[in-house]
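Enquirer: Spelled out from the first residue to the last, the chains are:
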Amino acid sequence: MTTEPNESDNNLVDRLSNQWIDAESGDSEFNESATEASEQLDNKQLCRAADVQLVHAMLIGLAENSKDARQSRINKLMQSIRTDKKKQDSERATGPQKPHRYVGPAIRWGTAAMIIVSLAVLLMSLPSNKAMATIDQMIAAIENAGDRTYSIIVRDQKTGRRERGSGRFAAERRNRQERAIFDGATLYLRGRDKFVLYRYTPSGQTVINGSDGQTNWLIRPRRPVLVSNNPQAFRIPVPEDLAGLLTLDFSDTLQQIRERYKIKYLGTVSVEQDQEPSWAYLHATRQNRRLKGPRVIRIWAHPDTGLLRRIEFADIQLQGDPEPKKLIFDLRDQKPLPENWFTHTAHHSEDAEVDVLSEE
Amino acid sequence: MQFRKKQNEAQAIFEILVRENEAMLITYLRAAVRNQVVVEDLFQETMLVAWRKLNEYDRSCPFGPWIRGIAAKLIMAHFRKAKSDIMITGCDTLEYLSQLIEHIHERPGDTWEQKIDALRYCIDALPDRYQRMIQLRYFEDQPASKISDITKIALETVRKRLQRARAQLLDCLRRKKVVMEVNT
Numbered sequence: 001m002t003t004e005p006n007e008s009d010n011n012l013v014d015r016l017s018n019q020w021i022d023a024e025s026g027d028s029e030f031n032e033s034a035t036e037a038s039e040q041l042d043n044k045q046l047c048r049a050a051d052v053q054l055v056h057a058m059l060i061g062l063a064e065n066s067k068d069a070r071q072s073r074i075n076k077l078m079q080s081i082r083t084d085k086k087k088q089d090s091e092r093a094t095g096p097q098k099p100h101r102y103v104g105p106a107i108r109w110g111t112a113a114m115i116i117v118s119l120a121v122l123l124m125s126l127p128s129n130k131a132m133a134t135i136d137q138m139i140a141a142i143e144n145a146g147d148r149t150y151s152i153i154v155r156d157q158k159t160g161r162r163e164r165g166s167g168r169f170a171a172e173r174r175n176r177q178e179r180a181i182f183d184g185a186t187l188y189l190r191g192r193d194k195f196v197l198y199r200y201t202p203s204g205q206t207v208i209n210g211s212d213g214q215t216n217w218l219i220r221p222r223r224p225v226l227v228s229n230n231p232q233a234f235r236i237p238v239p240e241d242l243a244g245l246l247t248l249d250f251s252d253t254l255q256q257i258r259e260r261y262k263i264k265y266l267g268t269v270s271v272e273q274d275q276e277p278s279w280a281y282l283h284a285t286r287q288n289r290r291l292k293g294p295r296v297i298r299i300w301a302h303p304d305t306g307l308l309r310r311i312e313f314a315d316i317q318l319q320g321d322p323e324p325k326k327l328i329f330d331l332r333d334q335k336p337l338p339e340n341w342f343t344h345t346a347h348h349s350e351d352a353e354v355d356v357l358s359e360e
Numbered sequence: 001m002q003f004r005k006k007q008n009e010a011q012a013i014f015e016i017l018v019r020e021n022e023a024m025l026i027t028y029l030r031a032a033v034r035n036q037v038v039v040e041d042l043f044q045e046t047m048l049v050a051w052r053k054l055n056e057y058d059r060s061c062p063f064g065p066w067i068r069g070i071a072a073k074l075i076m077a078h079f080r081k082a083k084s085d086i087m088i089t090g091c092d093t094l095e096y097l098s099q100l101i102e103h104i105h106e107r108p109g110d111t112w113e114q115k116i117d118a119l120r121y122c123i124d125a126l127p128d129r130y131q132r133m134i135q136l137r138y139f140e141d142q143p144a145s146k147i148s149d150i151t152k153i154a155l156e157t158v159r160k161r162l163q164r165a166r167a168q169l170l171d172c173l174r175r176k177k178v179v180m181e182v183n184t
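Protein chains in written order, with this note's numbering: chain A, 1 to 360; chain B, 1 to 184.
Don't take every hint at face value.
Covered by chain A, according to a simulated footprint, are these stretches of chain B (three or more residues, beta-carbon under 8 Å) [claimed, not checked]:
hint : segment
1    : 134-144
2    : 150-157
In silico contact screen, one side only, chain A against chain B (beta carbon under 10 Å); selected entries [stated by the list, open to error]:
hint : residue
3    : R15
4    : N18
5    : A49
6    : D51
7    : V55
8    : H56
9    : E64
10   : D84
11   : T268
12   : V356
Hints in this document: simulated from the structure, not taken from any laboratory.
It should be emphasised that the depicted structure is a prediction, and the values quoted were computed from it without experimental measurement.
Cβ atoms here follow ideal geometry from the backbone N, Cα and C, with glycine treated the same way.
Can you build the whole structure from these sequences, using the hints too?
Expert: Printed below as a string of structure tokens:
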């Protein structure tokens, strides 16, 4: 059956339907007769009523269009879910003495994994236009960005724990092969081409790489400061998985992600401890297994300005570490830095030895 | 500990899905249920049931119809309990409504607002007297009786104008292929 318009039918059903929509609490006359009248409607008329009611619902939604109302609806739901979970947990813990079937860790893990797989499949079916627009906006924002300070965090992919000072580093110390590591590092950025990266060795020594846009420089403990005009000089040893993808100038990174990843925009969400769910969230999945790069990259950005708030590279293999890791760049500050911050002189004593390498 | 972490991860992903489907589901509920307090309760209940039953969800099927299926059962249960509430929609109509919503959901656009953007155009295309009614009724959230007081127009006329305004909006949305004629 289809809903072919018929004016007299429509008038009858529209009257009833609109009375339903506009009835007020005191309209007892309508309340008494409406159910009876609606029972007389045939399928075609009921469909017409549904059409009108849908228009009414769309109008309410359009008029509401308030982030606050929607946010409070979602917050309330997520609170209910958390309470529901706690309630279920406590029922399990203190629960009635009714015998219950033992659910082993394998089943619990299986169920959790199944839920995550289901959700992940659903995420894949979400639209991508807005994602591309957001990436473009982020790239454009970097051009004019002021000073930004990012914390770099490395977490174990499986446990989510940070693994600073593990046995691996102790072994390195014994072998005097200490390397500066990414976890705990700080990255300072200005515009597209100026950066300073502070990394630390497990024994607390500082290694600083930087560029003022014209010269690259490197400061290591107990060694001369190295300076070069070669843009490729003193490159930071990025993990192999990120070679060609991660540049400290995030605009190239975002451009690569745009070309090589399937990106979904998943609405505005909070970032970990933040209370305000005000960051646009993008979920990028590698389009082709043969391409290099992490399987999944997650990005949070300011929904209006495109400012990169956080970027997470999943399943990264760090040098000398067999366990997959998450590499995270998290915006810590936007305070203006000293004018000379991106020159090497701002980071070493005046009497430090400086070797300027010639470009040959 | 790791199991809990997995659960938290699932919860975070579910929150994203809720955000993606919130406007769609609330529109469906509002089209079926008049009382806005009940609409909000049913939204919470539907999403909570979906969360609890997520491992029963057949992931080869789209999420929207599944969640509206849960909502439809809760709507019917509500009407069975609250007999005094009025219901023009029946079980078949809920299914019909679900198909209309699915059609909108499949339209181009990233968000629900973008998918129904044509509604703004349709409102602008209404004659002034109808636009005024829509403005007062929805954007200023006034009941018909209050609109009658504000505009000094008889209550019956206000209701008639609202009815005609909605009918014209429906025609416009059909022409724009936002609301489709669906085989039931």
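Enquirer: Taking the hints in turn, state whether each one holds.
Expert: Now for the hints, and whether the structure bears them out:
1. With a cut-off of 8 Å between beta carbons, the segment 134-144 of chain B has 7 residues touching chain A; three or more are needed, and the interface restraint holds.
2. Given a C-beta distance limit of less than 8 Å, the hint that chain A covers the segment 150-157 of chain B is violated, as 0 residues qualify and 3 are needed.
3. Interface restraint check: R15 of chain A against chain B, minimum CB-CB distance 7 Å, threshold 10 Å, status holds.
4. For N18 of chain A, the shortest C-beta to C-beta distance to chain B is roughly 4 Å, which falls under 10 Å, so the interface hint holds.
5. With 10 Å as the threshold, the beta carbon of A49 of chain A comes within range of chain B, its nearest partner Cβ sitting at about 5 Å, so the hint holds.
6. For D51 of chain A, the interface hint holds, since its Cβ comes within 10 Å of a Cβ in chain B; the closest pair sits about 6 Å apart.
7. Because the closest C-beta pair between V55 of chain A and chain B is about 5 Å apart, less than 10 Å, the hint holds.
8. Residue-level restraint check for H56 of chain A holds (minimum Cβ-Cβ distance to chain B is 6 Å; threshold 10 Å).
9. Hint status for E64 of chain A relative to chain B: holds, with the closest Cβ pair at about 9 Å, below 10 Å.
10. Residue-level restraint check for D84 of chain A holds (minimum Cβ-Cβ distance to chain B is 6 Å; threshold 10 Å).
11. A distance limit of 10 Å between C-beta atoms decides the matter here; for T268 of chain A the minimum to chain B is near 7 Å, and the interface restraint holds.
12. Nearest Cβ of chain B to the Cβ of V356 of chain A: about 50 Å, over the 10 Å cut. The hint is violated.
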